[in-house]
Amino acid sequence: MGTERRWPYIALTVFCTLGAAVATVIVLNVAERKSEGRHPFVRVVEVTEDTTDPAVWGKNWPRQYDSYLLTAQSTRTRFGGHGGSEALPAEKIERDPWLKRMFLGYAFSIDYRDRRGHAYMLQDQEGTERLTKPQSGSCIHCHASVMPLYRQLGNGDAMAGFEKTYKMTYQDTSKLLHDSGHAHPVSCVDCHDPGSMALRVTRPGFLHGIQALAAGDGAAPHLDSIERWRAGPRDRPYDPNVDASRTEMRSFVCGQCHVEYYCSTKLKLTFPWANGLRVEDVEKTWNATMFEGNERFYDYKHQETGAPILKAQHPEFELWSQGIHARSGVACADCHMPYMRDGATKVSDHWVRSPLLNVNRACQTCHHFSEEELLARAATIQDGTHKMLQDAGAALMDQIDAVVAAKAAGATPEQLAPALELQRQAQWRLDFIAAENSMGFHAPQEAARVLGESANLARQGQIAAIKLGAGPVAAMQPGTAPAPVAP
Amino acid sequence: MAAASLGIAVGIAVVGFDYAEGLSYLSTDPRACANCHIMQSQFDSWQKASHHTAATCAGCHLPESFPYNYIAKARNGWNHSSAFTLQNFPEPILITPPNAAILQANCERCHDALIHDLSAAAGAPRCVSCHGSVGHGEQVGLGGPWREEEKEIAHGH
Numbered sequence: 001m002g003t004e005r006r007w008p009y010i011a012l013t014v015f016c017t018l019g020a021a022v023a024t025v026i027v028l029n030v031a032e033r034k035s036e037g038r039h040p041f042v043r044v045v046e047v048t049e050d051t052t053d054p055a056v057w058g059k060n061w062p063r064q065y066d067s068y069l070l071t072a073q074s075t076r077t078r079f080g081g082h083g084g085s086e087a088l089p090a091e092k093i094e095r096d097p098w099l100k101r102m103f104l105g106y107a108f109s110i111d112y113r114d115r116r117g118h119a120y121m122l123q124d125q126e127g128t129e130r131l132t133k134p135q136s137g138s139c140i141h142c143h144a145s146v147m148p149l150y151r152q153l154g155n156g157d158a159m160a161g162f163e164k165t166y167k168m169t170y171q172d173t174s175k176l177l178h179d180s181g182h183a184h185p186v187s188c189v190d191c192h193d194p195g196s197m198a199l200r201v202t203r204p205g206f207l208h209g210i211q212a213l214a215a216g217d218g219a220a221p222h223l224d225s226i227e228r229w230r231a232g233p234r235d236r237p238y239d240p241n242v243d244a245s246r247t248e249m250r251s252f253v254c255g256q257c258h259v260e261y262y263c264s265t266k267l268k269l270t271f272p273w274a275n276g277l278r279v280e281d282v283e284k285t286w287n288a289t290m291f292e293g294n295e296r297f298y299d300y301k302h303q304e305t306g307a308p309i310l311k312a313q314h315p316e317f318e319l320w321s322q323g324i325h326a327r328s329g330v331a332c333a334d335c336h337m338p339y340m341r342d343g344a345t346k347v348s349d350h351w352v353r354s355p356l357l358n359v360n361r362a363c364q365t366c367h368h369f370s371e372e373e374l375l376a377r378a379a380t381i382q383d384g385t386h387k388m389l390q391d392a393g394a395a396l397m398d399q400i401d402a403v404v405a406a407k408a409a410g411a412t413p414e415q416l417a418p419a420l421e422l423q424r425q426a427q428w429r430l431d432f433i434a435a436e437n438s439m440g441f442h443a444p445q446e447a448a449r450v451l452g453e454s455a456n457l458a459r460q461g462q463i464a465a466i467k468l469g470a471g472p473v474a475a476m477q478p479g480t481a482p483a484p485v486a487p
Numbered sequence: 488m489a490a491a492s493l494g495i496a497v498g499i500a501v502v503g504f505d506y507a508e509g510l511s512y513l514s515t516d517p518r519a520c521a522n523c524h525i526m527q528s529q530f531d532s533w534q535k536a537s538h539h540t541a542a543t544c545a546g547c548h549l550p551e552s553f554p555y556n557y558i559a560k561a562r563n564g565w566n567h568s569s570a571f572t573l574q575n576f577p578e579p580i581l582i583t584p585p586n587a588a589i590l591q592a593n594c595e596r597c598h599d600a601l602i603h604d605l606s607a608a609a610g611a612p613r614c615v616s617c618h619g620s621v622g623h624g625e626q627v628g629l630g631g632p633w634r635e636e637e638k639e640i641a642h643g644h
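Protein sequences, first through last, are from chains A and B. Anchor point for the first sequence: position 96 equals 96 in our numbering, and the numbering is continuous, going up by one each time. Anchor point for the second sequence: position 151 equals 638 in our numbering, and the numbering is continuous, going up by one each time.
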């Protein structure tokens, strides 16, 4: 056979060999995708209610665990997060000096920093200088994978164990936690049933709080299951683990901690939702709450004025509840843990972070606009809120100045009472938005309303204090016009 | 030798075509559209949406008449299979202009008597500009895998 006649066969052979190779690669690729679609996970270790170490869960669910580990990464947005990776984040109270004056008399004036990710929650709590003051064992509720410790303290009954911790010191509770081997930050078992992996809520504070919300008549139009339970026979308490929809659970798991609460030694850890979730609903609940000895509820007495102050914690769940996203059925996890594709599987991103750092997955799946446009929209909301926040902060400072001047001039506690009550109301509203971690985004219109009310109340309090006069006021009675001031 | 290698290549290709359920793509069964998993959320949401009772995937997303339906199938089939194999497409996935035109034509095909005067105007919005939830309910997009900069963070920089 001559060379001229052989080369077409050689070429055909080479071509067919390449074709077979490509076809094999494609078959293997299809096989891989099919396998991903069929087996989203493989359970290689058993996990139970007592498996608090996320690394163990990570063997079964490596995709989720890998992204959970990334919460240790430093992230920063304009109004949240922190810049350094090792050092503690910057002092929030140094940036906005009025925060420090607002908190005088409270441990937050000692140390108040920007938040870091979930992976640091326990370490940061153990390292805060606020621990130089006595703190309650309640604080561990949201900083550790604490349910096994509650069961241990309650001889198997987690609720009973939980109710013991508020009277214990933080240090004692922390030692028990470390001795029990469960000293992990929030972990898989806190939100997932270890048998079915279904979402569930475990935190006693949330379970009590959401039951009180359902049993009360506060508006909850974004929580269909509560509306349904209210319309039903009410022959048993509302139970989120039974009644709530999957979408609701995707917010409730976050609402176990990202909320307003009382967390000190006089009462058990309390989520104040009996009258609803709006700022004035929560205020009403606190105003109706009494300490032992029939003393009115407060978080601290303001060092300069003596006003009995309500400290807002971080009412993300409450503010989100007033916003358009909640009303549209968008859950916390939809933006903070959006679904992402990994090969042929759909995974919830467990790198919980600001949607501003994840616009593509968090926003663009619903809002078909460019990333720049969406960021600009968020910036408009946050800049506006920040401006109003500064104005309301300035109003509060002016009010405190006026009260201090009136006190120095000899105003009696009875005379000052109306001004101090206004300080309590103004500061509660200001702090509700300042401590909330979205700079108004979770409910822009509501945030503006609350800050507007805050500035108005602070100015009313300032006027009330000025009316007492900065001169001699000893002869004044409450409700009378200020005495003329001597030249 | 050439005959043997031709046989092997064709053999693997045929097996691969069958294994990848290639024949199902010649049908109009909606389940075939979710074979490769990318369209799973679109398939799931269609089952809950109002047009579930009136139209299938092909009813809205392919031209009605031969041979245009097979031309569209071939074009999309090539685009989708190469994108999913190479994993190189932007997410969340969005309809492309040629496919949007097919979709609009199908809206008009059924609803023409009602909307002719509206849709015939130049520059008229597409039906789904307002009625975006009829096919798939609320938005069902899915974010993509880690981007390059996220991979860098994830792998410890």
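Everything labelled a hint here was simulated from the structure, so no lab data went into it. None of the values given here were measured: they were computed from a predicted structure. Think of the CB as a built atom: it goes at the ideal place given N, C-alpha and C, for glycine as much as any other residue. A hint or two may mislead.
Straight-line alpha carbon distances no greater than 25 Å define the calculated BS3-like cross-link-like pairs of lysine-lysine that follow [unchecked claim]:
1. A/100 x A/164
2. B/638 x A/346
3. B/638 x A/175
Chain B side only, calculated, beta carbon under 7 Å to chain A, not exhaustive [unchecked claim]:
4. 493
5. 507
6. 510
7. 513
8. 630
### Query
Within 25 Å, alpha carbon to alpha carbon, are residue 638 of chain B and residue 346 of chain A?
holds (18 Å)
### Message
Min Cβ distance, residue 507 of chain B to chain A: is it shorter than 7 Å?
### Response
Constraint on residue 507 of chain B satisfied, holds at 5 Å.
### Query
Going by Cβ atoms only, is residue 510 of chain B closer than 7 Å to chain A?
violated (14 Å)
### Task
Below or equal to 25 Å on CA atoms is what counts here, so check residue 100 of chain A against residue 164 of chain A.
Given pair residue 100 of chain A, residue 164 of chain A is violated - Cα atoms ~32 Å apart, limit 25 Å.
#### Entry: Supplied contact hint for residue 493 of chain B, tested at 7 Å Cβ to chain A
holds (5 Å)
### Task
So, residue 630 of chain B near chain A? Judge it on the closest CB pair being under 7 Å.
It holds, given that the least Cβ distance between residue 630 of chain B and chain A is near 2 Å, below 7 Å.
### Message
Checking hints one by one. Is residue 513 of chain B an interface residue toward chain A, by the C-beta closer than 7 Å rule?
### Response
Check failed: Cβ of residue 513 of chain B comes no nearer than 17 Å to chain A, outside 7 Å.
### Message
For a C-alpha distance cap of 25 Å, please report whether residue 638 of chain B and residue 175 of chain A respect it.
### Response
violated (37 Å)
The earlier numbered hints that this structure contradicts are 1, 3, 6, 7.
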